[in-house]
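K.L.:
Fit chain V to the given chain W structure using the hints.
Protein sequences, first through last, are from chains W and V. Taking this note's numbering, the leading residue of the first sequence gets 1, the next gets one more, and so forth. Taking this note's numbering, the leading residue of the second sequence gets 1, the next gets one more, and so forth.
The reader is advised that the hints may include incorrect statements.
One copy or two, either will do: identical chains are not told apart, so a pair holds if it fits within one copy or between any two.
Stated by the list, open to error - With a Cα cut of at most 30 Å, we get these calculated BS3-like pairs of lysine-lysine:
1. LYS234 x LYS254
2. LYS210 x LYS97
3. LYS234 x LYS280
4. LYS254 x LYS210
5. LYS210 x LYS234
In short, the hints are calculated from the structure, not lab data.
If you want the building blocks of each chain, they are given just below.
Number of protein chains: 2
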Amino acid sequence: MRDFSADHRWLSINTATLRGAGRLDTIIEACARHGIRAISPWRDQVQAIGLERTVELVRRHGLALSGYCRGGMFPGVDAASRRAALDDNRRAVDEAKSLDAACLVLVVGGLPGALAGAALTKDIAGAREQVQEGIAATLEYARSVGMPLAIEPLHPMYAADRACINTLEHALDVCDALDPLRSDALGVEGDDRAALGVAVDVYHVWWDPKLEAQIARAGRGRLLAFHVCDWLAKTRDLLEDRGMMGDGVIEIPKIRAWVEAAGFAGYSEVEIFSSLDWWKRPADEVLATCIERHRTAV
Amino acid sequence: MRDFSADHRWLSINTATLRGAGRLDTIIEACARHGIRAISPWRDQVQAIGLERTVELVRRHGLALSGYCRGGMFPGVDAASRRAALDDNRRAVDEAKSLDAACLVLVVGGLPGALAGAALTKDIAGAREQVQEGIAATLEYARSVGMPLAIEPLHPMYAADRACINTLEHALDVCDALDPLRSDALGVEGDDRAALGVAVDVYHVWWDPKLEAQIARAGRGRLLAFHVCDWLAKTRDLLEDRGMMGDGVIEIPKIRAWVEAAGFAGYSEVEIFSSLDWWKRPADEVLATCIERHRTAV
Numbered sequence: 001m002r003d004f005s006a007d008h009r010w011l012s013i014n015t016a017t018l019r020g021a022g023r024l025d026t027i028i029e030a031c032a033r034h035g036i037r038a039i040s041p042w043r044d045q046v047q048a049i050g051l052e053r054t055v056e057l058v059r060r061h062g063l064a065l066s067g068y069c070r071g072g073m074f075p076g077v078d079a080a081s082r083r084a085a086l087d088d089n090r091r092a093v094d095e096a097k098s099l100d101a102a103c104l105v106l107v108v109g110g111l112p113g114a115l116a117g118a119a120l121t122k123d124i125a126g127a128r129e130q131v132q133e134g135i136a137a138t139l140e141y142a143r144s145v146g147m148p149l150a151i152e153p154l155h156p157m158y159a160a161d162r163a164c165i166n167t168l169e170h171a172l173d174v175c176d177a178l179d180p181l182r183s184d185a186l187g188v189e190g191d192d193r194a195a196l197g198v199a200v201d202v203y204h205v206w207w208d209p210k211l212e213a214q215i216a217r218a219g220r221g222r223l224l225a226f227h228v229c230d231w232l233a234k235t236r237d238l239l240e241d242r243g244m245m246g247d248g249v250i251e252i253p254k255i256r257a258w259v260e261a262a263g264f265a266g267y268s269e270v271e272i273f274s275s276l277d278w279w280k281r282p283a284d285e286v287l288a289t290c291i292e293r294h295r296t297a298v
Numbered sequence: 001m002r003d004f005s006a007d008h009r010w011l012s013i014n015t016a017t018l019r020g021a022g023r024l025d026t027i028i029e030a031c032a033r034h035g036i037r038a039i040s041p042w043r044d045q046v047q048a049i050g051l052e053r054t055v056e057l058v059r060r061h062g063l064a065l066s067g068y069c070r071g072g073m074f075p076g077v078d079a080a081s082r083r084a085a086l087d088d089n090r091r092a093v094d095e096a097k098s099l100d101a102a103c104l105v106l107v108v109g110g111l112p113g114a115l116a117g118a119a120l121t122k123d124i125a126g127a128r129e130q131v132q133e134g135i136a137a138t139l140e141y142a143r144s145v146g147m148p149l150a151i152e153p154l155h156p157m158y159a160a161d162r163a164c165i166n167t168l169e170h171a172l173d174v175c176d177a178l179d180p181l182r183s184d185a186l187g188v189e190g191d192d193r194a195a196l197g198v199a200v201d202v203y204h205v206w207w208d209p210k211l212e213a214q215i216a217r218a219g220r221g222r223l224l225a226f227h228v229c230d231w232l233a234k235t236r237d238l239l240e241d242r243g244m245m246g247d248g249v250i251e252i253p254k255i256r257a258w259v260e261a262a263g264f265a266g267y268s269e270v271e272i273f274s275s276l277d278w279w280k281r282p283a284d285e286v287l288a289t290c291i292e293r294h295r296t297a298v
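Next comes chain W alone, as it looks inside the complex:
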């Protein structure tokens, strides 16, 4: 396992961690100030300042993108909404490519309408079928431009509204179904990212008794991203009360050891949704804490 204690060269900042800090250009400047080498931006943040401006900022600061957030949200109640989702996912692939992201992260979607508070169907098996069809269609396009797709299994508490793929096992079953031969995304020597893989976020999967085995099953090619934060023992909100690494109960170094034993050698990306705490703090304090915890608690 890599030694993170001496520096933060393998730290990436998911820019949702700094939702309280203003626009993406401000966030990128703050990351650069702290010597951070990689980020993973969200589409709405990119759109707010423009894709070209984002590309320019990323290049000026020599930043890598450990991922791009996010595609997905495939299920819809009718053909038109599913078609619109596919079109939007093509645009997301293109943006990820413009930014040279390591992968496009897919939050696959749940029951249509549930995110707005009123599910239009309870058919989760049907939603899962639509998700698989949506990934298949997006994969075809993503493969043509060389952008790996990373299915992110979300915690089961988001099964209704955000993602109906809720375990690493299920995500890998979908990978096996759609890309049984683990096709190479790029065909570049030394870069064996698969065209379709997974994003492992400790917040979503830490509880799973099959986690170690499924990480091994994923293997190097399909482990496209590794996200960290922490599960607070007293979690007050289902979405926006994630903890800073070290403040909760997740054995993050143990999970990182499993991921690295399987061959993952990429960034450790900090993604903290926390309107209750971290989004209220100054960007410099958040980043300094991320760096310190990256060295001691990841």
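P.N.:
Quick look at chain V alone, frame taken from chain W:
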């Protein structure tokens, strides 16, 4: 599948559903008033009015107990606390026996200290070992008095503080490990409850893509209890915002069909933790709604 539309003979009320309605004697009188044939009381509610008084009330109203809540909470930071948990579980078995409950429900516990908001360890694998040891010891005693133990897998969002068994698959793995021959709890003709089985609560397991297969795996002998409520698309609290059947996204009839296809023929037990809504309403309104939804949405 049994037809529930004409009456509510298979409805049981978990008395936590009426936490806002006062003491257990008041709750039992309300259930009797509504022609309810079965309840599942909580230990703290029983203790508040006394075990003997509870036994007397249950007999007077001819109530069955679809379960008794709850044993478990096995992990501890030292031998003394684990020993105390085992002693407490023996007492819970005895109380369940006095009340002639169908089973003692086990909420197995999570990381010691987490329920109080400060986990004393992050070792979830260790907690799971302690849980298995605790169930093994309790099973030996429960078998000697003929009280089936029902492991209740809890939703993964409770893995830290309430139960580190979070899928039906994991619960059944523990059953296989501790009671590989599916021993009969009672040896009574026509009653094939296993000594160790599971309580399937739709709230905890609805999201699981392996649910149907695992219910079939459990089979008639190990399906000791079936709990219903609903998952609200906009869930506002991790513990106390469960929905009334029909108000959320769970396909309850589909899951009941799976359970009954596996041979389960017991009560459908309504368990709703809802300080945000149902606990604020009068007992008669809650029970009338439970009865109506039992007939139309379960």
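K.L.:
Hint by hint, say whether it matches the structure.
P.N.:
Outcome of the hint check:
no.	hint	in the structure
1	LYS234 x LYS254	within (22 Å within a copy, 33 Å between copies)
2	LYS210 x LYS97	neither (33 Å within a copy, 35 Å between copies)
3	LYS234 x LYS280	both (19 Å within a copy, 24 Å between copies)
4	LYS254 x LYS210	both (14 Å within a copy, 27 Å between copies)
5	LYS210 x LYS234	both (24 Å within a copy, 29 Å between copies)
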